[in-house]
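Here is what each chain is made of, one letter per residue.
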Amino acid sequence: MLVLARKKDESILIGDNIEIVITDITEDKVKIGIEAPRHMKIFRKELLEQIQDENIKSAGAKVDLSALRKTKI
Amino acid sequence: MLIKTKYFGEIQIDEKQIIDFPEGIPGFQDDKQYIMIRDEDTDFTFFQSLKTEDLCFITLPPVLIVGDYGFDISKETVEKLELEKAEDVLVYSILNIPEDYKKMTANLKAPIVINIKNNKGTQELLDDDKLDLKHPVFKGEE
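The listed protein sequences derive, respectively, from chains A and B. Position 46 of the first sequence, counted from 1, bears residue number 46 in our numbering, the numbering being contiguous throughout. Position 31 of the second sequence, counted from 1, bears residue number 31 in our numbering, the numbering being contiguous throughout.
Please note that the accuracy of each hint is not assured.
Here's a subset of chain A near chain B, in silico, CB distances under 8 Å, partners left out [to be verified]:
no., residue
1, V3
2, S11
3, G33
4, H39
5, K41
6, R44
7, L47
8, E54
9, K57
10, S58
11, A61
12, L65
13, I73
These are computed hints drawn from the structure, not numbers from a lab. By construction, the Cβ of each residue, glycine as well, lies at the ideal position given by its N, Cα and C atoms.
Using the sequences and the accompanying hints, generate a full structural model.
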């Protein structure tokens with residue numbers, strides 16, 4: 001992994017059209033601004049992990065179909 | 001073609017019905033083809049993997065769970081699914097169904113989005129704190 005030291009308001013460029021700006025730094029948090037093409041997926045890693053976990057739990061269920069059919073939504 | 005399913009035994013399907021998930025579904029990236037099975041007389045739709053007999057997601061349309069569900073489909077998804085019109089979109093929420101059915105929850109944060117025109121699908125990740133990962137399907141009932 002490439003590790004770079006940056007100060008507030010300094011940037012990193014990735015490829016031709018992604019820019020990452022450090023907009024604010026506090027004791028335990030950095031705020032990051034990202035300029036990237038609209039079609040690029042950007043989200044917090046925890047979100048993807050949460051969705052994966054939830055999908056795995058959902059798929060793991062052994063559902064009794066006859067009981068489910070009696071369930072009124 | 002004949003496929004094996006988790007809940008419905010062996011069923012005959014038409015290849016035209018196959019939904020392609022080019023990137024799979026998070027947690028199951030290797031399963032890229034699903035078939036939608038509407039269970040008669042219920043609102044549940046089953047997403048059965050073609051590759052894995054034991055992999056089947058049970059879903060409901062989110063509007064049946066929360067009346068005013070809505071989100072902006074990302075540009076990325078519009079491009080990936082080659083979406084042209086809003087009418088071509090189907091949206092489903094994956095259910096997490098414990099033994100006690102009354103405690104089932106729906107994932108409103110990551111809906112399944114399908115373009116019915118070309119049968120391409122994806123699971124859209126919505127980074128919105130107002131949308132629940134585990135939204136109770138039944139409210140206030142014991």
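How the hints compare with the structure:
Because the closest C-beta pair between V3(A) and chain B is about 26 Å apart, greater than 8 Å, the hint is violated. For S11(A), the shortest C-beta to C-beta distance to chain B is roughly 23 Å, which exceeds 8 Å, and the interface hint is violated. Because the beta carbon of G33(A) sits about 16 Å from the nearest beta carbon in chain B, more than 8 Å, this interface hint is broken. Hint on H39(A) holds. Least Cβ distance to chain B is approximately 5 Å, under the 8 Å limit.
With its C-beta approaching chain B no nearer than about 5 Å, K41(A) sits inside the 8 Å limit, and its interface hint holds. Taking 8 Å as the C-beta contact cut-off toward chain B, the hint placing R44(A) at the interface holds, the least distance being around 7 Å. The interface hint given for L47(A) is met, as the beta carbon of that residue sits about 6 Å from the closest beta carbon of chain B, less than 8 Å. For E54(A), the shortest C-beta to C-beta distance to chain B is roughly 5 Å, which falls under 8 Å, so the interface hint holds.
Taken as an interface hint, K57(A) checks out: its beta carbon lies about 5 Å from the nearest beta carbon of chain B, inside 8 Å. The criterion of a C-beta within 8 Å of any C-beta in chain B is met by S58(A), whose closest approach is roughly 4 Å, and the hint holds. Hint status for A61(A): holds, given a least beta-carbon distance of 5 Å to chain B, under 8 Å. With a least beta-carbon distance of about 5 Å to chain B, the hint placing L65(A) at the interface is held under the 8 Å criterion.
Annotation: I73(A) was flagged as interfacial toward chain B, and the flag holds, the nearest CB pair being 5 Å apart, inside 8 Å.
Hint check: violations occur at hints 1, 2 and 3; the rest are consistent with the structure.
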